[in-house]
Amino acid sequence: MAFKNFKIQVILRSIMIGLALFGFVFAIYQEKWYVTSGALMVVAMLLVLDLIRYVEKTRRDISNFLVSVNLRDFTSIAEIERKSRKKNKDLTEAFKFIATEFQNVRIEKEMHYQYLQTVIGHVETALICFDDKGKVALINEAARKLLNTQSARSLEFLRRTKSEIGPILSSIRNGEQKLIKARINGALMQLSVRATEFKLRNEQFKLVALQDIKNELENKELESWQRLIKILRHEIMNSVTPISSLSQAIKQNLEDDEGNTLNLREISDEDLQDIHQSIITIENRSKSLLQFVETYRNLTRLNKPNFKKIRLADLLSHIGSLMKQELAKDNIGLNISNRSGEVYLYIDHDMIVRVLINLISNARDALRGRQNPMISIECHTDEKNRVNMVIADNGAGMDTETLDNIFIPFFTTKEKGSGIGLSLCRQIMHMHKGSITAESEPGKGTIVSLKF
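Counting along the sequence shown from 1, when you hit position 152 you're at 178 in the working numbering, and nothing is skipped either side.
One should not assume that every hint holds.
[Stated by the list, open to error] Here are the simulated BS3-like pairs of lysine-lysine, each with C-alpha atoms no more than 25 Å apart in a straight line: (1) K171 / K204; (2) K350 / K470; (3) K470 / K334; (4) K477 / K459; (5) K334 / K477; (6) K204 / K330; (7) K350 / K477; (8) K459 / K335; (9) K459 / K204; (10) K225 / K135.
Keep in mind that the hints were calculated from the coordinates and are not lab data.
My request is simple: use the sequences and hints to build the entire structure.
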C-alpha cells in the first residue's frame, strides 16, 4: 500500500511538471507573455525540486528505517514512524508492520534460544561448543560440573586447568568417538567423547559431548565377568567332576576295607579293568581341560593389528575365491555385492579375513538341511562415510537367549565348538575401532553387521 501511494504521488507531481512545461512552451510562442513564461518556468523548476525532495525524503526514511532495524534500535524506528506519519500515512503503516513483524521474529528467536538453553542445561551429557579459534561459545551445566569450572572462555583455559581434557577436545575429529580415561579433580573418569562439526554464519564450530560412563562400564564388565565365570565353571566342572569321582573309585579299588593298600595280586581282573578304564577317562578329561586352557590363552594373546591400506573390492574378491568352492560342496550359494564404490580400508588384512571366514563358517553350519541355502555379503557406505559390511544367511536363526550370549567366550551351541570364534571376531573389530552386531529370528536366518 505504501508503494502504491508513493507511485501516485510521483505520477501527480510528474503530471504537474508536464503541465507547467507545456504552459511554458505555449507562453514562449505568444507575444509579450514574458512574465507568464518566466513564472511557468519557475513553477516547473520548483515542481521538479519538490519531486526530488519527496523521493529523497522517502528514500532517506526507508534507509534510516532499515539501518535502525539492522541495529535493533526500536527507539529510532518509533521516531521515524512519528515523523513520516504526517506526510505519508501508508509508508508509516508499512514501517509499523515491518517493525512489529521484526520484533515478533526477534521475540520468537529469543524464546527458541531460551528453550534451547533450558534443554541443554538439563541434559546430563556434558556439552562444549567452540569455534575454529578455540573460543568457547557454549558450555552447559553438566560440563561445568564435570570440569568443576563456572566459566571456560577458551580451549586454552581448559588446557591450563584441565590438562588431560584440553588436547582431546581440540584433536578429536568430526564424527569420531573415543573412550578415554582422564583424571579430573583427583578422580579417575572413563569418558565417552564424541564430536560433531557444523557451520553457522560462515563460522566453523565443533560440538563435543562428554559422558562419564565409568559406572555403566563397571556394570557391563561385572556382568561379562559373571557370564564368563559361569561358563568357565561349567567347563571346568565338566572335566574336574569325573576326574575326582574316578580318582575316588580307583582309590577304593586299591584299598581294603580298613584303608590299607592292596597288593596287585589281591586285585581282581575286573577291578584292574575298571582302574584301567578310569585312568583312560581321567587322561581324556585332563587333555580336554588342557585344551580348554590353551584355547583361553589363545583368546587373550591376540597380536597387535598390522594396519595397511587395503582396497575393499580386493578384500571381497579374496574372500570369494577362498570360500565359494568350499560352500559349493554343500550346495550353498555365495553372493557378494559392493555398493561402496572405490573405497579403501585401513585394516589388518589377515585379521579381517579371519573374521569373515569365521562368520561364513557359522552361516554354513546354520544352513545345513535348509532349502536354497544362500549366504550374502553386502557392503555400503553410511551417512557418516563409514563402511558397513553385512553378512546374511537364510538359515535356522537363533532365539533371543542364544543371540544375547553368542559373543561371550566359550559359549557355543555346536557339539564340537570352542565358543571363542565370535569373541575373537569382536576383539578384532574393537582393535580396528569398529563394531560387530547380530540380528536373528528363529527360522528367518541371521544378519551380522561389521562397521568400520
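A quick look at each hint next to the structure:
Of the pairs offered as hints, the one joining K171 and K204 holds, with about 21 Å between alpha carbons and a cut-off of 25 Å not exceeded. Under the criterion of a C-alpha separation no larger than 25 Å, the hint pairing K350 with K470 is consistent with the structure, at around 23 Å. A hinted pair counts as satisfied when its Cα atoms are at most 25 Å apart, and K470 with K334 does not qualify at roughly 37 Å. Using a Cα cut-off of 25 Å, the hinted pair K477 and K459 holds, with the two alpha carbons roughly 9 Å apart.
Restraint check for K334 and K477: satisfied, since their Cα atoms lie roughly 17 Å apart, inside the 25 Å limit. A C-alpha spacing of about 19 Å is found between K204 and K330, which places the hinted pair at or below 25 Å, so the restraint holds. For the given pair, K350 sits about 23 Å from K477 by alpha-carbon distance, which is consistent with the 25 Å threshold. A C-alpha spacing of about 15 Å is found between K459 and K335, which places the hinted pair at or below 25 Å, so the restraint holds.
With a C-alpha separation of about 9 Å, the suggested pair K459 and K204 falls inside the 25 Å cut-off, and the hint holds. Between K225 and K135, the direct Cα distance comes to roughly 19 Å. Compliance with the 25 Å bound is thereby established for this hinted pair.
The earlier numbered hint that this structure contradicts is number 3, and it is the only one.
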